[in-house]
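Line by line, the protein sequences are chains A and B. With this note's numbering applied, the first sequence corresponds to residues 31 to 261, in that order. With this note's numbering applied, the second sequence corresponds to residues 9 to 844, in that order.
Keep in mind the hints are simulated off the structure, nothing from the lab. Since the structure is predicted, the reported quantities are computational estimates derived from the model, not experimental observations. Please note that the accuracy of each hint is not assured.
Take a look, some chain A residues computed to stay more than 10 Å from chain B by CB distance [to be verified]:
| hint | residue |
| --- | --- |
| 1 | Asp36 |
| 2 | Phe65 |
| 3 | Ala66 |
| 4 | Lys90 |
| 5 | Pro93 |
| 6 | Gly133 |
| 7 | Ala207 |
Partial list, derived from the structure: chain B residues whose beta carbon lies under 7 Å from chain A [claimed, not checked]:
| hint | residue |
| --- | --- |
| 8 | Pro132 |
| 9 | Arg261 |
| 10 | Phe262 |
| 11 | Arg265 |
| 12 | Leu269 |
| 13 | Phe472 |
With beta-carbon atoms standing in for the labels, derived distance ranges [claimed, not checked]:
| hint | chain 1 | residue 1 | chain 2 | residue 2 | range |
| --- | --- | --- | --- | --- | --- |
| 14 | B | Val48 | A | Thr137 | 46 to 54 Å |
| 15 | B | Asp158 | A | Ala199 | 50 to 58 Å |
| 16 | B | Thr34 | A | Cys162 | 35 to 43 Å |
| 17 | A | Arg80 | B | Ser154 | 38 to 46 Å |
| 18 | A | Asp220 | B | Phe86 | 44 to 52 Å |
| 19 | A | Arg150 | B | Leu129 | 53 to 61 Å |
| 20 | B | Arg681 | A | Arg150 | 24 to 32 Å |
| 21 | B | Val162 | A | Lys91 | 44 to 52 Å |
Don't be surprised by glycine CBs; every beta carbon is placed ideally from N, CA and C.
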Amino acid sequence: MSEPDDVWKVNRERDGEAQRFESNFPENGAVGRAFAPVAGFGVTLRNFFRPTVTEQYPDKKTPAMPRYHGRHQLNRYADGLEKCIGCELCAWACPADAIYVEGDSNTEDAQYSPGERYGRVYQINYLRCIFCGLCIEACPTRALTMTNEYELAGPTREGLIYEKQDLLAPMQDAMLAAPHPMVPDTVDDDYYRGDVTAVVDSQIEWVRERRPDDPTLPENRSTEPAEARRG
Amino acid sequence: MTSTADKATAETVDTVTLTIDGKETTVPKGTLIIRAAEQVGIDIPRFCDHPLLAPAGACRQCLVDVAAPDREGNVRAFPKPQASCTMQAMDGMIVNTQHTSDEAKNAQEGVMELLLINHPLDCPVCDKGGECPLQNQALSHGRSESRFIDVKRVFEKPLPLSSEILLDRERCVLCQRCTRFSKEIAGDAFIDLQNRGAMQQIGTFDEDVLGFDGYEPIGVAAEDESGRAFSSYYSGNTVQICPVGALTSAAYRFRSRPFDLVSSPGISEHDSSGAAIRTDHRRGTILRRLSDNDPVVNEEWITDKDRFAFSWQNLSDRLERPLVRGDDGELHEASWPDAIARAAEGLKAAAGLTGTPADKKAKGVGVLPGGRITMEDAYAYQKFARVALGTNDVDVRTRTASDEEQEFLGSTVAGSGMGVTFADLEKAPTVLLAGFEPEDEGGVVFLRLRKAYGTQRVLTVAPFLSRGAEKLDATLIQAVPGGEAAALASIKGAADAAESLQAEGSVIIVGERLAGSPGALSEALRLAKRTGARLAWIPRRAGERGAVEAGALPGLLPGGRDATAASARDAIAKAWGVDSLPESPGRNAAEIIAAAASGTLSGLVIGGVTPSDLTDDLAAALARTDFVVSLEVRRTDVARYADVVLPVAPPSEKPGTFVNWEGRLRGFATAIRTDAISDHRALDFLGRELGADLKVGTVADVNEQLALLGAAGKSERVKAPSVKAGKARKAAGDELVLASWHLLVDEGALQDGEPYLAGTGRTAVARLSPATAERIGVKDGVVTLTAGGRGTIELPVALTDMADGVVWVPAKSPGSWVAQELGVHPGALVRVKGGI
Ligand code: SF4
Ligand code: SF4
Ligand code: SF4
Ligand code: FES
Chain A
31 MSEPDDVWKV
41 NRERDGEAQR
51 FESNFPENGA
61 VGRAFAPVAG
71 FGVTLRNFFR
81 PTVTEQYPDK
91 KTPAMPRYHG
101 RHQLNRYADG
111 LEKCIGCELC
121 AWACPADAIY
131 VEGDSNTEDA
141 QYSPGERYGR
151 VYQINYLRCI
161 FCGLCIEACP
171 TRALTMTNEY
181 ELAGPTREGL
191 IYEKQDLLAP
201 MQDAMLAAPH
211 PMVPDTVDDD
221 YYRGDVTAVV
231 DSQIEWVRER
241 RPDDPTLPEN
251 RSTEPAEARR
261 G
Chain B
9 MTSTADKATA
19 ETVDTVTLTI
29 DGKETTVPKG
39 TLIIRAAEQV
49 GIDIPRFCDH
59 PLLAPAGACR
69 QCLVDVAAPD
79 REGNVRAFPK
89 PQASCTMQAM
99 DGMIVNTQHT
109 SDEAKNAQEG
119 VMELLLINHP
129 LDCPVCDKGG
139 ECPLQNQALS
149 HGRSESRFID
159 VKRVFEKPLP
169 LSSEILLDRE
179 RCVLCQRCTR
189 FSKEIAGDAF
199 IDLQNRGAMQ
209 QIGTFDEDVL
219 GFDGYEPIGV
229 AAEDESGRAF
239 SSYYSGNTVQ
249 ICPVGALTSA
259 AYRFRSRPFD
269 LVSSPGISEH
279 DSSGAAIRTD
289 HRRGTILRRL
299 SDNDPVVNEE
309 WITDKDRFAF
319 SWQNLSDRLE
329 RPLVRGDDGE
339 LHEASWPDAI
349 ARAAEGLKAA
359 AGLTGTPADK
369 KAKGVGVLPG
379 GRITMEDAYA
389 YQKFARVALG
399 TNDVDVRTRT
409 ASDEEQEFLG
419 STVAGSGMGV
429 TFADLEKAPT
439 VLLAGFEPED
449 EGGVVFLRLR
459 KAYGTQRVLT
469 VAPFLSRGAE
479 KLDATLIQAV
489 PGGEAAALAS
499 IKGAADAAES
509 LQAEGSVIIV
519 GERLAGSPGA
529 LSEALRLAKR
539 TGARLAWIPR
549 RAGERGAVEA
559 GALPGLLPGG
569 RDATAASARD
579 AIAKAWGVDS
589 LPESPGRNAA
599 EIIAAAASGT
609 LSGLVIGGVT
619 PSDLTDDLAA
629 ALARTDFVVS
639 LEVRRTDVAR
649 YADVVLPVAP
659 PSEKPGTFVN
669 WEGRLRGFAT
679 AIRTDAISDH
689 RALDFLGREL
699 GADLKVGTVA
709 DVNEQLALLG
719 AAGKSERVKA
729 PSVKAGKARK
739 AAGDELVLAS
749 WHLLVDEGAL
759 QDGEPYLAGT
769 GRTAVARLSP
779 ATAERIGVKD
789 GVVTLTAGGR
799 GTIELPVALT
809 DMADGVVWVP
819 AKSPGSWVAQ
829 ELGVHPGALV
839 RVKGGI
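Pulled out of the complex, with its shape left as it was, chain A reads as follows (with noise of 0.2 Å):
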């Protein structure tokens, strides 16, 4: 007998098992076989009784529970220095491979964060994303946290690798944008303590030298909500 001979007999064997067997369930009593067919029935009646739960999504959004895994954000410490400092740990923890970063040198004339480094490159895939959060737990600088933004579907799969401006925080009212020097007399573990509170004077004025059209100087904010401004 030839190999699938053999595993259609066995097969064929457990069938015949298969119909020997029996239930545990108690056998139904005359009225209940006769209500077989349409007992089913029961289960849509005794809901018609109890309230909805159905969500209205998307005329009305429920906001998600306040520690649900949404979209990621890059956040920035006070006076709008970003807070990622391009360690690709976040990418290196991400079990999807989801996260692709790549690194550079600060420099005087274009500060991007406290310190040496910064991330220039910033990508995460939610094609790949599975939301599981270990990349927030790897960043050390907790640069980067999730948000509770699930919005995450489009049409393209380019558009859906967010780039590092996709991902970026809002500017805060009082933040400045960056690229800009540190606060003066500070060094990088003053910003990881959490000692640098506020923009200063003399960051505003460096900004100002340079781009005196920057939104987020003082003279150019508009009295709309930061939100709005985004983007």
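Could you slot chain B with the ligands onto chain A? The hints should help.
Just chain B with the ligands now, kept in the frame of chain A:
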């Protein structure tokens, strides 16, 4: 193998038997405990220990418990754990590592805690993160908690030791691998330990102790407290062996993490040593190159050029599509079939193969492959010339060259297989260098000679002792360029140098520059015969030896066969399945260019040749030539005159073989897969279009043919040269004899696009002896050099203890492009004016 070596291996090696973690093992006497443990698979943590550096015992991470028999034979434990990297194994020793001894484990954890006390723990911003021995061993052998609560010591960071090498003193664990490398291996004692206690740090040496002697680096090299900058051709190795991220390179700074990278083994394209490298790339871009471990060639070291010079191939002028000159006189992108058809058509006309009356006017095609190609490419170029174009006008030597050199290469080098090896150099009691600067022109050859420092005598025939020669403690046999032959001839009889060379195993190294000195190579052969010393030819470019083997010289067929010998030609013709090979003697590169310039050549096929490397005006020659096909990686000046430009792959994007100066085949595979094709493949297409099936489409095809051909038989060989020793030109008035060679780091085409590396090159100076400087009246410490070339060279003067009547300038350093500006080779007379 020689008989003495046989005897050495036959002798029984003294061994000792010891027990490590309960495992008994027998090792040769003198083995360090840490190595003995490696052999039985026991891992002991370490930082300072490096198999190629002398033991230092600096970091104390490798502490183990040791008990050894005392004089009475009682096994007694040492009172404290011992450093296993400095202690030699003894018979009856009992070693307990961290795996079996709590005391050793405790000691190691203590050392680790101590090392981390002042460590900044800034792994996230550190380039070493992910491949750092300190990170790894802190996890595997350290305590999980630190008890240190005080403020850490801080240093300013990073401190640039040179434009390329950056030092972060906070991260340093003071293992001294870098300083030991610099002193023991490279001989550039530029950095050392300074200060004491918590302030102990790596710093640069005191200027007053070690002067630069006029060899200052070009770029900014910040000085540390003692005010010295780091300048070395081998500095990148310290980055690779630093067990922490204290030494990093500017080029790779913050560029990637090890998990991003794909590593491919390869062979360096920068010199004829064929150093093994590892190319690390991400998404098709090379991010860094490291030294690979090849004990028989480069050990674990490479030059900074091997390591850092790779951006040239990805600059914006990289060619991706073939270019064809249109009717409007401009180059336009074209498809491969179109470009090949156009090139074949043009070459057919130029070579007179159209079968029409116009053939009468065709004056032939010359082929200039350039010296940077692989052996397979060289073979394809010469076969293309001889079979498809019917000419012997093919020469890779786009540098100073002579017929004497060709005879020398044909008789002594080609088809000779492995001759002198790196190991032979290291063992040689005496090494004579002629026309060769190991540090500047030999790459890792210098390191091997330097390894024999103290046991080897180095003699150098040169106008003065270069810094490299000084580091080898070489004896100068002074020779004015052009007078090398006489200097070599004088080494005879009871001359001290002659006696040294007679010691068995001595080696004479001749460089490619000797070709420019009539009679010198003949004299070198005579000297070798006289003294019994072995002879090695070390060219500068990576492809030269392979090209000699493959026959890409006008008078040489593959395997060292004489192209003028009918028997050799017949043998090759038969192997290639063609009726005959061209008989008329070929012209060398300079003659081909001269012919093109005078309009007596109708076409040129030109490979990787940089016009500014040539003394002849290649641009003018190309402009005069009817039809030029260029095979290039980048859009160079040659493209301006080319009718068809075929893009070819750089070494990292193709497989192939470099033959290093030893004669060792250094095959490499494709590191990065792209669409780019090798020269030999392009020539295969072109050959077919011309009606010749060259069978050089793949590396395997070429190697099969080369293997079948083998080396030349005695009767097919070129005769050894016997040219009368020439004389050096006489300096007179303001005309001085030019001496020059390429510094390792300079403005060579393969170093383009790498500013950090360029900064570590040496400042260009003109060297004169004090007497000569006085004679020509140097003003403001500057001189101007002129000769028949296209320009002048102005350089600051460095007074040097050297031959009178000679001026030395670097061959292609910033502000000193000798071939282009002066248009002459070393040995010629140049006019030197004091002041500008
Ligand atoms: S949430 Fe998980 S899968 Fe998504 S990017 Fe972070 S680590 Fe990767
Ligand atoms: S987000 Fe955090 S972990 Fe990722 S690169 Fe930036 S700093 Fe590093
Ligand atoms: S710089 Fe690196 S190699 Fe040099 S002593 Fe410090 S840790 Fe060792
Ligand atoms: S490895 Fe032994 S003391 Fe450093």
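Tested hints:
With a closest Cβ-Cβ approach of about 46 Å to chain B, Asp36 of chain A is found to remain outside the 10 Å limit, as its non-interface label requires. With 10 Å as the threshold on Cβ separation, the claim that Phe65 of chain A sits away from chain B holds: the shortest Cβ distance comes to roughly 63 Å. No beta-carbon of chain B is positioned within 10 Å of the beta-carbon of Ala66 of chain A; the least distance is around 60 Å. The beta carbon of Lys90 of chain A sits about 42 Å from the closest Cβ of chain B, which is more than 10 Å, so the claim that it is off the interface holds.
Non-interface status of Pro93 of chain A relative to chain B is upheld: no Cβ of that chain comes within 10 Å, the nearest being about 33 Å off. In this structure Gly133 of chain A is not separated from chain B by more than 10 Å, as the shortest Cβ-Cβ distance comes to only about 4 Å. Separation of Ala207 of chain A from chain B is adequate, the least Cβ-Cβ distance of about 22 Å exceeding the 10 Å criterion. Interface restraint check: Pro132 of chain B against chain A, minimum CB-CB distance 4 Å, threshold 7 Å, status holds.
Because the beta carbon of Arg261 of chain B sits about 6 Å from the nearest beta carbon in chain A, less than 7 Å, this interface hint is met. At its closest, the beta carbon of Phe262 of chain B sits 4 Å from a beta carbon of chain A; the interface hint therefore holds under the 7 Å criterion. Evaluation of the Arg265 of chain B hint against chain A yields a held restraint, the C-beta minimum of about 5 Å falling below 7 Å. With a least beta-carbon distance of about 11 Å to chain A, the hint placing Leu269 of chain B at the interface is violated under the 7 Å criterion.
For Phe472 of chain B, the interface hint is violated, the least distance from its beta-carbon to any beta-carbon of chain A being 41 Å, above 7 Å. Remark: the range hint 46 to 54 Å for Val48 of chain B to Thr137 of chain A is upheld by a beta-carbon distance near 51 Å. Distance hint for Asp158 of chain B and Ala199 of chain A: a CB-CB separation of about 35 Å, inconsistent with the stated range 50 to 58 Å. At roughly 52 Å, the beta carbons of Thr34 of chain B and Cys162 of chain A sit outside the given window of 35 to 43 Å.
Here the CB-CB span from Arg80 of chain A to Ser154 of chain B is close to 58 Å, at odds with the stated 38 to 46 Å. Evaluation of the 44 to 52 Å hint for Asp220 of chain A and Phe86 of chain B yields a pass: the beta carbon distance comes to about 47 Å. For the pair Arg150 of chain A and Leu129 of chain B, the beta carbons lie near 24 Å from each other, so the given range of 53 to 61 Å is not met. Between Arg681 of chain B and Arg150 of chain A the CB atoms are about 26 Å apart, so this pair conforms to the stated range of 24 to 32 Å.
Judged by the Cβ atoms, the range 44 to 52 Å given for Val162 of chain B and Lys91 of chain A holds: they are separated by roughly 50 Å.
When each numbered hint is compared with the structure, violations occur for hints 6, 12, 13, 15, 16, 17, 19.
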